[in-house]
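K.L.:
Quick note, the sequences are listed as chains A and B, same order.
First residue of the first sequence: 1, per the working numbering; consecutive thereafter.
First residue of the second sequence: 1, per the working numbering; consecutive thereafter.
You may find that some hints are simply not true.
What the hints assert, rightly or not - Simulated restraints, written as ranges between beta carbons of each label pair: (1) Arg230/B with Ala55/A: 48 to 54 Å; (2) Gly200/A with Asp134/B: 54 to 60 Å; (3) Gln43/B with Val226/A: 43 to 49 Å; (4) Ile155/A with His390/B: 42 to 48 Å; (5) His390/B with Asn67/A: 42 to 48 Å; (6) Leu287/A with His390/B: 39 to 45 Å.
The set of hints was computed from the structure by calculation and includes no laboratory data.
It should be emphasised that the depicted structure is a prediction, and the values quoted were computed from it without experimental measurement.
Even glycine gets a Cβ: it sits at the ideal position worked out from N, Cα and C.
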Amino acid sequence: MEFFLQNVVNALQWGSFYALIALGYSMVYSIMMVFNFAHGDIFMTGAYIGCGIAALLLGLFAAFGLNVPGWATLSITIVISMLLTSLLGMLVERVGYRPLREAPRASAAITGLMIGIILETGNLAILGARRLSFPELIQSTTYDLGGVFVTNKKILIVGVSLALMYALSRFIQKTRWGMAMRAMSYDYEVVPLMGVSLNGVGLLTFAIGSALAAAAGILYGLAYPVLDPYMGVLLGWKAFVAAILGGRGSILGAALAGFLLGFIEIFVPVIFPSTLRDLIAYSIILLILVFRPYGFFGQAYSTQLRL
Amino acid sequence: MEEAIVQKRTSSAKIISIPSALAGTPMLGWLVGVLCAVFLERQFGDLLAFELYLPKIPVLFGFLIVMKDPSLIPGALAYVLLIYVAPVIGVARLSVGVTNRLAALLDRGPLRLSALIHLTLFYIALHYWADLSDYRLVVLKLTMIAVMLTLSVNVTNGYLGEFSCAHPGFMALGAYSASILSLFLFTNSPMFGRAVLPAWSGPYFFPLELIIGGIVAAIAALIVAIPSFRTRGDYLAIISLAFMFIVKSLIENLEWAGGPRGLSGQPGWSSLHVVFVWMVVCVWVINNFVRSVFGKAMNAVRDNEIAADAMTVNTRKTKIAAFMLGAFWAGVAGGLFAHVMRFVNPGTFGIQRLAEILAMVYFGGLNSVVGSVFGAVSINLISEMLRPLHVYKWIVIPLILILVMIYRPTGLLAFREFDVKEILKPKG
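Generate coordinates for the entire structure from the input sequences, incorporating the hints supplied.
P.N.:
In structure tokens:
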């Protein structure tokens, strides 16, 4: 039983990365009707920005002789990185996606893919191929809950993720911009006719999605302190799968699908040989898609591919 | 009445306007010009390179030499002008009278004869061009394989309108099937035991191996095609993506097929003429397919599936046919690739390969055979030419593609017809 619960804890942590990144994908997909394949690399850039800010802060605090607790540094890091990465996200939208708003969606997707490659290669060119290690901000303490070992980092990661998701859902439900975004996910063409700035909604969507990805990046850096320029690729594509699995237009669906993917990826190696993990995980997803073609909470809609 | 219903032929006009002086040259003239240039290079290339202070014959039209040492730009430019541009244009224009008459003669005969003669001339030119350097040979072979791959992706992504990410998986299946057959039947490999059949019979079995590889890929395409009945667009993208990951993971877990380490030791049966013939057959088959009723059906399914269904198009059959054909040629391309590189491993068929393939298709143009050929050749050549830039190559190429996407979202040569008879016609 403890073994099962232990894996549940691990799955919650692993799933929260997928969920946060999938939320970004899902928001852009539901609201702007386009795939942002650069999102995984925005996650990677967010992690690197967080690493840089954290190192900067630690250096600053040490220079001034301040004794700032780890969680405070972490909070400041997260906030600043989210802001900076959301700026990056808005830049990506402005440069890559706004000119292609009337274009076929596949072309916008390819543009996103290329922007992602530029981000990766830019990182590789600027920072070199050596992996970066995330500064140690919080000492790891392990709590023993009746045989299940939970580290404070895991609690932090899951807690922060859930808090961010809750904040996002309040934003979507309670604010006017959130209402505009929900409206756009129902009917893309009519909303600009109602006086809502399409550019504004686009920028905001990308900004929020990128901020979430940055948070995921920093949390990932906490859990696995080694960063390399290609860390966003696999994670990004898997989160993309989770986002589509959750269904179009549903934030809750994306988050749930992210956690589900995390659970599948953690529990499959428990039962089957671990080399078969990807094989079985993707076969399960394929099966889910065969039986629920529109994802968990997506509504069936007639896809008129804009070609 | 028929004229009103028949669709107007899509234009085959070029992007850039060719000066009228050059427009009067038939394809035969250009081929003769290219042949002269190639033979000129064979005879005088070394001497000219020496005279122009170039370290050696420029292998790829001078781009590599120029990237490494910009001071050689005038020399490389002079070389290109003297060996390539001047002979090609000069001989083509000078012989225009003769070649136009020959082209008119061939035009009266069967199209296949004319095409065969042109292709033979083209192949001779390629063969002697590639003869000067091993690097040229490999680049040429890989470019031809890329052409096949791009065409196969254009069938599903361009003509059928699906966003299919499954082609690296199809390529992997074809590559591995062909490799396993080669290694098992014809080589004494440590993994598969002694050869079953004599080694000299290998090249005769090679086409059969490639076809088997293609068929394996085509059957696997059903995994992607059948869900496409119910879902479209976005969901099919993930199904195809999941398929790609599954194939990659499957191969990594098959220890008897090498696993993550891959397979090596395939015999080098992919010589230039083999790859060339397969590429020509691929272009021919796919061009005929997309110009046929099936092609129109695919376009109809892409533009409005419900309307197509109402107009008696069998959408299921169309989708299955398109996916299986695309997968077959991707599998054949994979088999050829395995025997060119003489090594395959699952890592070659991942996201990187997907990005390259999509770049080639979208750069060249959707829904067009000539676009696919152009895209594959361009991106491959650009990729090779920018090699001296090392990692910055992967900033320049995506930038080029983003610019193309912004200004021509469906690609540079999209929606064009490839009419062989028009191309081979006498022009004057």
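K.L.:
Decide, hint by hint, whether the structure agrees.
P.N.:
Quick rundown of the hints versus the structure:
Checked against the given bound of 48 to 54 Å, the beta carbons of Arg230/B and Ala55/A, roughly 50 Å apart, stay inside it. Between Gly200/A and Asp134/B the beta carbons are some 57 Å apart, a value that agrees with the proposed interval 54 to 60 Å. With their beta carbons about 57 Å apart, Gln43/B and Val226/A fall outside the hinted range of 43 to 49 Å. For the hinted restraint 42 to 48 Å between Ile155/A and His390/B, the CB-CB distance of approximately 44 Å keeps it satisfied.
Checked against the given bound of 42 to 48 Å, the beta carbons of His390/B and Asn67/A, roughly 45 Å apart, stay inside it. Range check, Leu287/A to His390/B: about 43 Å between beta-carbon atoms, so the 39 to 45 Å window is met.
The structure does not agree with numbered hint 3 stated previously, though it agrees with all others.
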